[in-house]
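Taking the hints into account, I'd like the entire structure generated from these sequences.
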Amino acid sequence: MSIDAAPESAETPKPSNFIRDIILQDLQNGKHGGRVHTRFPPEPNGYLHIGHAKSICLNFGLAQEFGGKCNLRFDDTNPSKEETEYVDSIIEDVRWLGFDWEDRLFYASDYFEQLHDWAVQLIRAGKAFVCDLTAEQVREYRGTPNEPGKESPYRNRSVEENLDLFARMRAGEFPDGSRTLRTKIDMASPNFNLRDPVMYRILHAEHHRTGNQWCIYPMYDYTHGESDSIEGITHSICTLEFEDHRPLYDWYVENLGIHHPQQIEFDRLNLTNTMLSKRKLLMLVQKGIVSGWNDPRMPTLSGMRRRGYSPEAIRQFCANIGVSKTNGIIEFSLLEYYLREDLNARAARVMAVVDPIKVIIDNYPEGETEQLEAVNHPDHPEMGNRLVPFSKTLYIERDDFREDPPKQYYRLSPGREVRLRYAYFITCQRVVKDPVTGEVLEIHCTYDPATRGGNAPDGRKVKSTIHWVSAEHALDMEARIYENLFLAEGGGDDDFLASLNPNSLVKMAGKIEPSVRTAPAGTRYQFERVGYFCIDPDSSPAGLVFNRTVALRDTWAKIDKAQKPKG
RNA sequence: UGGGAGAUCGUUCAACGGUAGGACAGCAGACUCUGACUCUGCUUAUCGGGGUUCGAAUCCCUGUCUCCCAGCCA
Numbered sequence: 000m001s002i003d004a005a006p007e008s009a010e011t012p013k014p015s016n017f018i019r020d021i022i023l024q025d026l027q028n029g030k031h032g033g034r035v036h037t038r039f040p041p042e043p044n045g046y047l048h049i050g051h052a053k054s055i056c057l058n059f060g061l062a063q064e065f066g067g068k069c070n071l072r073f074d075d076t077n078p079s080k081e082e083t084e085y086v087d088s089i090i091e092d093v094r095w096l097g098f099d100w101e102d103r104l105f106y107a108s109d110y111f112e113q114l115h116d117w118a119v120q121l122i123r124a125g126k127a128f129v130c131d132l133t134a135e136q137v138r139e140y141r142g143t144p145n146e147p148g149k150e151s152p153y154r155n156r157s158v159e160e161n162l163d164l165f166a167r168m169r170a171g172e173f174p175d176g177s178r179t180l181r182t183k184i185d186m187a188s189p190n191f192n193l194r195d196p197v198m199y200r201i202l203h204a205e206h207h208r209t210g211n212q213w214c215i216y217p218m219y220d221y222t223h224g225e226s227d228s229i230e231g232i233t234h235s236i237c238t239l240e241f242e243d244h245r246p247l248y249d250w251y252v253e254n255l256g257i258h259h260p261q262q263i264e265f266d267r268l269n270l271t272n273t274m275l276s277k278r279k280l281l282m283l284v285q286k287g288i289v290s291g292w293n294d295p296r297m298p299t300l301s302g303m304r305r306r307g308y309s310p311e312a313i314r315q316f317c318a319n320i321g322v323s324k325t326n327g328i329i330e331f332s333l334l335e336y337y338l339r340e341d342l343n344a345r346a347a348r349v350m351a352v353v354d355p356i357k358v359i360i361d362n363y364p365e366g367e368t369e370q371l372e373a374v375n376h377p378d379h380p381e382m383g384n385r386l387v388p389f390s391k392t393l394y395i396e397r398d399d400f401r402e403d404p405p406k407q408y409y410r411l412s413p414g415r416e417v418r419l420r421y422a423y424f425i426t427c428q429r430v431v432k433d434p435v436t437g438e439v440l441e442i443h444c445t446y447d448p449a450t451r452g453g454n455a456p457d458g459r460k461v462k463s464t465i466h467w468v469s470a471e472h473a474l475d476m477e478a479r480i481y482e483n484l485f486l487a488e489g490g491g492d493d494d495f496l497a498s499l500n501p502n503s504l505v506k507m508a509g510k511i512e513p514s515v516r517t518a519p520a521g522t523r524y525q526f527e528r529v530g531y532f533c534i535d536p537d538s539s540p541a542g543l544v545f546n547r548t549v550a551l552r553d554t555w556a557k558i559d560k561a562q563k564p565k566g
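Going by numbering that gives the first Met the number 0, 157 is the number at position 158 of the first sequence; the sequence numbering is gapless.
Hints in this document: simulated from the structure, not taken from any laboratory. Even for Gly, the Cβ is constructed at its ideal location relative to N, Cα and C. Keep in mind that a hint or two might mislead.
[Said to hold, decoys possible] Calculated lysine-lysine pairs in the DSSO-like style (CA-CA distance at most 30 Å, straight line):
no., residue 1, residue 2
1, 277, 68
2, 506, 279
3, 357, 391
4, 432, 357
5, 279, 80
6, 563, 506
7, 183, 80
8, 149, 126
9, 462, 357
10, 68, 324
[What the hints assert, rightly or not] Label pairs and their calculated CB-CB ranges:
no., residue 1, residue 2, range
11, 489, 149, 34 to 40 Å
12, 149, 113, 31 to 37 Å
13, 146, 253, 24 to 30 Å
14, 239, 403, 53 to 59 Å
15, 453, 404, 19 to 25 Å
16, 489, 27, 36 to 42 Å
17, 438, 82, 47 to 53 Å
As structure tokens, this is what we get:
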């Protein structure tokens, strides 16, 4: 019984935002001929994470809403950091999230020749020059926030000399870092981006697509606007840190006299206790702190997919977090809310015990087995029923028994009667303990045969219903219980490794009802009263492995914690 | 002590000169063969100071705080 057996939870209408308002206004004014064309422009230097999902949903969502188009374009101008593996993963992840770029899969590297020609055009117009300053010298010449920069001594080379030098840069005559092509703008500008920014640098590196065809590579600022322009992008949506780059973006398309898309900046996603820096995520992978980019603890889309997140839940989250220019941090519980909302509506229910303790029904016949009927989803009768085996020896959750029940605890304890879900009422008679450690080893109970199926003919009530599995029939499983990778709210911004959560992964030896035996990896379930779980790719019939996607909300845990504030 | 941007419940988004509203979180109940789900109710906010106006979160002035920018990264 897979999650897909249930209908999708409805996606509610998205709230508006300032970018949508701008587009609405542009449409009204007939700007861009009434077209809406966006793009999602990842650099293939890492895996996509939940922060990218916000951008993907925004760009593709806006295009969808206004009958426009959204391209997928790789911003691959730095061969030293980019790899095909990342390209492949990004394509897979955007698709998985549920978006389609049709035949519009592009690469900035597709435009290298055009970009080069435009650079020549700028040189001819006296607006670009080849500079022989070293990287350190360029930094010194750039000035500081308080003082203007100094002009490069090479700034006034003749057009002919610049043309010649640039051609030789391309031809590979010069070593890495020896020269750059720079735009001639204004070394006194208060905006550093306009202090004669570098357009091309020399990099004798193999590019994942163009191989060794080039040894000069264009910089982001020189590439991005033109790529947008070539593709006929109308609204170029990016994050806040590019606000200072907009004047340069505008400068290039204006001075080249080409189609001028409008750059609009919005706030990137921040999530509590979550680190969303590709650089640091890469470090976690390289240091082996996580098992890979798709470790279920990673905030990457591939990690979340493996963990059991549904694309619908992520989309719903992205649609509701809002888009603004405020630098904020979203509480992780909001993501979990949308996750649970989707999973609750769709995941088949099953009984599994994550931390088992043995229960023996003393008055139940030895060797007997009954098949008891359980519903697969309380809200979806069409998902059907299944039979769950019951016998004399069972496992229940260790946490569902207390020898000394605290106030408001109404699960199993000595002398108390509870219901075994879909089965019988049982009453705890006594416990067997380890004589040395005092640990409870077995709980002995009696059952009331008249309560078969879970209802008492005399109408008596029990305070609690607990889940169980039959010891003889249950399957062994490993339950991987995850918590946030980072303890610090900011995701450990500063010394992020110091903030690592030592309990981010705990493996439990659990037991699960046999109905899941043949389910494929990726199947999502609700373990009743415990949480949502998903079969991990590591799982096999010989060794079932489940990832806890998210726990169920747990009111009792709150009460319990409040009662003993030590925690 | 340059430039750019932003400040509204604990968090986040809205209100676009006319009753500060929603979501999450929290708290209290109801319901329940999942202490889940669902439902009901409640608490809590306009960064400070001046103006303009019948009326200001919104307009003006001023101050404060936060974020981003000195890669041949994106």
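Consistency of the hints with the structure:
no., hint, result
1, 277 - 68, "holds, 27 Å"
2, 506 - 279, "holds, 25 Å"
3, 357 - 391, "holds, 11 Å"
4, 432 - 357, "holds, 12 Å"
5, 279 - 80, "holds, 14 Å"
6, 563 - 506, "holds, 26 Å"
7, 183 - 80, "holds, 28 Å"
8, 149 - 126, "holds, 17 Å"
9, 462 - 357, "holds, 21 Å"
10, 68 - 324, "holds, 24 Å"
11, 489 - 149: 34 to 40 Å, "holds, 39 Å"
12, 149 - 113: 31 to 37 Å, "holds, 33 Å"
13, 146 - 253: 24 to 30 Å, "holds, 28 Å"
14, 239 - 403: 53 to 59 Å, "holds, 55 Å"
15, 453 - 404: 19 to 25 Å, "holds, 22 Å"
16, 489 - 27: 36 to 42 Å, "holds, 41 Å"
17, 438 - 82: 47 to 53 Å, "holds, 51 Å"
Checked against the numbered hints above, the structure breaks none of them.
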